[in-house]
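Visitor: The lines below spell out each chain.
Protein chains: 2
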Amino acid sequence: MTLFNVQVFSILVCLIAFAFAMYMFFWVKKQPSENATIKKIGKLIQDGARTFLRREYKVLAWFSAFCAVLILLFLPKPIWQGEASVNITMCIAYLAGTCISAIAGKIGIEVATVANTKAAEAAKKGIRPSFLTGFRGGSVMGMAVVGASLLGITVLYMFTKDTSAILGFSFGASSLALFAKAGGGIFTKTADISADLTGKVELGIPEDDPRNPAVIADNVGDNVGDVAGMGADLFDSNVASMVAAMVIATSLDKVIEGGNHVIMVFCYAALGLLASVIGVFCARIGKKGNPTRALNNSTYVTTGLYIALTALATKLFGFDWHIWGACIVGLVVGVIVGITTDYFTNDEKKPVRLVAKSSKSGPAFTILSGVSYGFLSVLPAMIGIGISALAAYKLCEGINDLYSIQYALFGISMSAVGMLSIVGMIVSNDAYGPIVDNARGLAEMGELGDDVLKITDELDSAGNTVKAVTKGFSIAAAGLTVISLLGTFMSEVNTAATELGMSAITGFDVMNPLVFFGMLIGAAIPAVFSALLILGVDKNAQRMVAEIHRQFKEIVGLREGKAEPEYGKCIDIATIGAIRELIPAGLMAIIATLAVGFIGGVQAIGGFLVGNIVSGLLLALFMSNSGGLWDNSKKYIEAGHEGGKGMNAHRAAVIGDTVGDPFKDTAGPSINTQITVVSLIASLCATLFLTCSIFY
Amino acid sequence: MTLFNVQVFSILVCLIAFAFAMYMFFWVKKQPSENATIKKIGKLIQDGARTFLRREYKVLAWFSAFCAVLILLFLPKPIWQGEASVNITMCIAYLAGTCISAIAGKIGIEVATVANTKAAEAAKKGIRPSFLTGFRGGSVMGMAVVGASLLGITVLYMFTKDTSAILGFSFGASSLALFAKAGGGIFTKTADISADLTGKVELGIPEDDPRNPAVIADNVGDNVGDVAGMGADLFDSNVASMVAAMVIATSLDKVIEGGNHVIMVFCYAALGLLASVIGVFCARIGKKGNPTRALNNSTYVTTGLYIALTALATKLFGFDWHIWGACIVGLVVGVIVGITTDYFTNDEKKPVRLVAKSSKSGPAFTILSGVSYGFLSVLPAMIGIGISALAAYKLCEGINDLYSIQYALFGISMSAVGMLSIVGMIVSNDAYGPIVDNARGLAEMGELGDDVLKITDELDSAGNTVKAVTKGFSIAAAGLTVISLLGTFMSEVNTAATELGMSAITGFDVMNPLVFFGMLIGAAIPAVFSALLILGVDKNAQRMVAEIHRQFKEIVGLREGKAEPEYGKCIDIATIGAIRELIPAGLMAIIATLAVGFIGGVQAIGGFLVGNIVSGLLLALFMSNSGGLWDNSKKYIEAGHEGGKGMNAHRAAVIGDTVGDPFKDTAGPSINTQITVVSLIASLCATLFLTCSIFY
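Those sequence lines, one after another, are chains R and A. In this text, residue positions in the first sequence follow this note's numbering: the first is 1, and each later residue adds one. In this text, residue positions in the second sequence follow this note's numbering: the first is 1, and each later residue adds one.
Incorrect hints may have been included.
Taking lysine-lysine and the DSSO-like style, the derived pairs with C-alpha atoms no more than 30 Å apart in a straight line are [stated by the list, open to error]:
#1 200/R <-> 635/R
#2 539/R <-> 645/A
#3 360/R <-> 539/A
#4 39/R <-> 553/R
#5 635/R <-> 360/R
#6 645/A <-> 357/R
#7 539/R <-> 349/A
#8 124/A <-> 287/A
#9 360/R <-> 635/A
#10 349/R <-> 200/R
#11 360/A <-> 357/R
#12 200/A <-> 645/R
#13 40/A <-> 29/A
#14 124/A <-> 40/A
#15 200/A <-> 200/R
Because the hints were derived from the structure by calculation, they are not lab data.
Using the sequences and the hints, build the whole thing.
Guide: In structure tokens, the structure reads:
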């Protein structure tokens, strides 16, 4: 297997994935749609999502252009000190990363806003066609995202053979993802909270009632937050994990005779995508089947297939079995972390039920017990991530005595690649959620009747269950990715140090006060970042609630369903607010990294990254899990337990759910991207931090 | 200045402090008390507190005896491998630490439960005598705690000249403090939440209304949680900071000719106590004076005096000015961190007011905005702690080129000693709070009239303001202390390694996967620890609420004030529950440390400590500050803003306050002690971890 061959193979797999995505897209598109209301509302949702995306991308285009100029001038070295062509290449790679990330989000939105109406209509015929429509719609996003990331890296590497270019590509993808996730997260929760508070709590009208002015904004939010945002997030983790592995593999290939490490990375990544395509293709559900089981089964098929395919490739092409082992460890741990997440958020398990029970004593107990279980849920995931890093390291450090640390770090990065290998499947499952959630809303608004609602409810509930698992999975994957990016950062620093004739660094010793100083500040960043996002949702939701109150007061006949609300006004508020609030949070993380780097140099940045990873994982796990827990406790009570709807426990649980909303859908998942962005900035600016910092 | 002289000086200062404490105790005791109701209720509170303490100490005596046997057998080395006399000394030192810590708590309770009734009575004569009674009562605790810690260390060091003995002493103090803080914290919040929920929320009767069966338990809780618990907490930080400095100073004195480092530690610590005695003595308030200003002024007097006295000593005895600088940096940063804490919890500043404003939209917004500001509040404190560690390190590393790391670590430890130098004053201010809080309750129950209530309200409010500042201070102090304990751990490991003929370690490199593994788990511990404590409060409060409901149902005439509730039942529930719930949390932290140490060895423990410190500081700051913020937002609304009492905003703010209660008074401050205990265990078991771990 030569490098050229494996690259061609990668490109081929990407093309298969694209072809498959297109097939699925047209399949979804040609499904029938008849109901006029659903068509009309579907159109409103689509327009709202498109408007938001257009406005957001406009702001981000300016931001990206600004970054591109900075990169051109300063990275990897100031342009007047190094070769201009390197800076130009990195700048182009950066822009390519941002564009592909943006396109992936756009594709996701386009298909999701078609699939939602089709899935609602299909539910009239039963659970099977409706499930297939939702899932195949989601898979378009999955295949497009993973195909685009692999294709981008392969083509860039083919032409440049330069790892700093793919670092630029990854940074482009991540910086866009940071804002897309944060912006989408603020939008979706602004709308969700406002709709719930005014609709369910104040007026006592059901969820998705068309009289509620925020109801369309809520459905738009599902798309821009969960589809576009989550897609961008996993796109960026996937790219970053590959890039981290590629950087170390390239440096290994330089020193090891006949080294095939880069080949291995491409091969394993391409096989992951292939396994996902087959897994998605195999997804089936019986006539009375269980959608959760169907989703899980296709994940297991993909996982098994991936293990078999990579084992075969390892045997055929003579790759090192230790590295294969590291890769599989990552994958297995990812699945296990997902399962423990499920324990804390599944309504058949103790935590959700105890929180529901506590709610009977009032909302303060809902919050306190939810916070407690959220804190507890951190432990198994942290142990899992720690063990997989440790195992990957120990598996690979013995491969070559001379380069044992490099091999060990390569092992960790391959373990992240392994964990993210099935990301195509994960994104598909993830995008399925908001599609069927929307379908449920459309079925309600289109008055398709109780039988259809029952089906869409079941599909929606499967989406929520799977979402908890994929969220745990994506946090673990981001964690392992950034640990391997730490290795990338050190590798970049040492490359720069060698060029500059400075001594190489061997690590980051916490007894060095610069490292410790950086660590304390790095640990505070995810907290501050979350705070800014949550405050953004808080402020924005207050604006929207005021607007809804205004509409109910001023529009005659709205309460009785005789007049139509001004849906557009709510979408506007969510859009403008989200765009305004996402900038400070993202900039704060970027500026803090640069400040620490220019003050404390590479040692402080090493500590900063470590602190950021540790506290980022802690807070991301805590917020995602406690948010999911509150959501499901509320649903558990609504299903008739602890007094059921309308009773004290339910009122308390609704408050818990509202608190959990921005935890699990705004701040929690955005932290993933924040830690990746910060790690990439550190690697990109390695030379600058080495030469221009106040302390060394 | 010889070592003997400085030890004699220390002992003298301790005796002065004790004499002063006794004088204050009798001064408080001889204040008049006339009102029969106050006397009766004061007696009930005293009995309740004594009962709790007796039961808690009984359990802890068994626990300590068990630990003492383990220490005797295994620490610092298994008794069959080393000298038995060393193990015996350490065991005795450990028991001395636990006993002194227990006695300090007992003294605090005894004086506080007298001072509360006297302060209530004194309020009839005006704010001046009432303030003095409260403050002088608090100062007995302050002087006793700090005097006892300094005396204990001095005497132990005089006789043993052995740092492992004082490590044992410190571990004794900390392990008892861990349980005292956690147990007291669970007790006090169980009672507080139950009293508020049933009294204020359900029945609409005022705070401290004698018809509420939980009202005495609530007042007992202030004493056992805030007086005994907080005293034990600061006692343990103070001892630990001195011990950390002593260990490094002793090793420096061994290698530096004419080294006077131990002398310096004793001298600076004794001067700190002296400055506190004078500061407490100078505390005065005008006839119409502002109690907050009076408390702050005496803190500033103490700080200024300490700076002057240590500068004088440094000049006179030829100490190194760099080390003095490190000490002062710590002190100044401590005060600054306290002030930033005040910003986030003061009702004249933006955060409290915005949270109050958000409350108008409902409790979910109270929680979300409070969580956000709590997260934001972490940043300045983390930067402050990071900068003081960095500055102390940089100041001292140049003192001696050969031992630059040791000097640098000594600098950090002296910066912690500096920060804690005014701890006598801090404890006095801190104990003042619950005394006047109790006095307020007694004035209400004794029906002393509105004028008296206004005075006690003002005193109480000053107590709350100062409490926020001292809490920030004590977290910062614990942070710096455990950073210096990290140095102690490394020093202990290297001492053991040298003895065993193993190579010394130079630090803990985060690129070592064992370090990283330990770090991830260490970071999860404070979260799990907090979760267990909060769940403890949650469960216990539900039991107590059930009991209160039962009393209102079964006792005829209770609601009308014609019958007396069974106060004792509530105290029993709080006591039994607190003791039952405190054990798992404390044991979990201890067992996790041992497990990581025996699995991953000293490198993993190094990482574990770092992760524990970083996430512990993060969570402690977050929980203390958000809790204080919610408390003050509620008070701000009760003062008539945002609609005032009884309106929507108030109901939401009460829920926020209930969530914040265990955050700020149970979990938040207990984390301090948890990280100290874990750090001390690591140092004590250094030899075991070095020789008996699975990995190295």
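Visitor: Each hint needs a verdict: does it hold in this structure or not?
Guide: A quick look at each hint next to the structure:
For the suggested pair residue 200/R and residue 635/R, the alpha carbons sit about 14 Å apart, so the restraint of at most 30 Å is met. Proximity of residue 539/R to residue 645/A is assessed by CA-CA distance (about 24 Å); at most 30 Å being required, the pair is judged to hold. Taking the CA atoms of residue 360/R and residue 539/A, the gap is near 13 Å; set against the 30 Å cutoff, the hint holds. The suggested pairing of residue 39/R with residue 553/R holds, with an alpha-carbon distance near 29 Å, which does not exceed 30 Å.
Using a Cα cut-off of 30 Å, the hinted pair residue 635/R and residue 360/R holds, with the two alpha carbons roughly 15 Å apart. Between the alpha carbons of residue 645/A and residue 357/R the distance comes to roughly 29 Å, so the proposed pair stays at or under 30 Å and holds. For a cut-off of 30 Å, the pair hint linking residue 539/R to residue 349/A stands: about 18 Å separates their Cα positions. A threshold of 30 Å between alpha carbons decides the hint, and for residue 124/A with residue 287/A the separation of about 13 Å falls inside it, so the pair holds.
For the hint linking residue 360/R to residue 635/A, the alpha-carbon distance of about 26 Å falls within 30 Å, and the restraint holds. For a cut-off of 30 Å, the pair hint linking residue 349/R to residue 200/R stands: about 27 Å separates their Cα positions. With a CA separation close to 27 Å, the supplied pair residue 360/A and residue 357/R stays within the 30 Å bound. Among the hinted pairs, residue 200/A with residue 645/R is consistent with the structure: their alpha-carbon atoms are about 26 Å apart, no more than 30 Å.
Distance restraint check for residue 40/A and residue 29/A: the Cα-Cα separation of roughly 16 Å lies within the 30 Å cut-off, and the hinted pair is therefore satisfied. Using a Cα cut-off of 30 Å, the hinted pair residue 124/A and residue 40/A holds, with the two alpha carbons roughly 18 Å apart. Taking the CA atoms of residue 200/A and residue 200/R, the gap is near 27 Å; set against the 30 Å cutoff, the hint holds.
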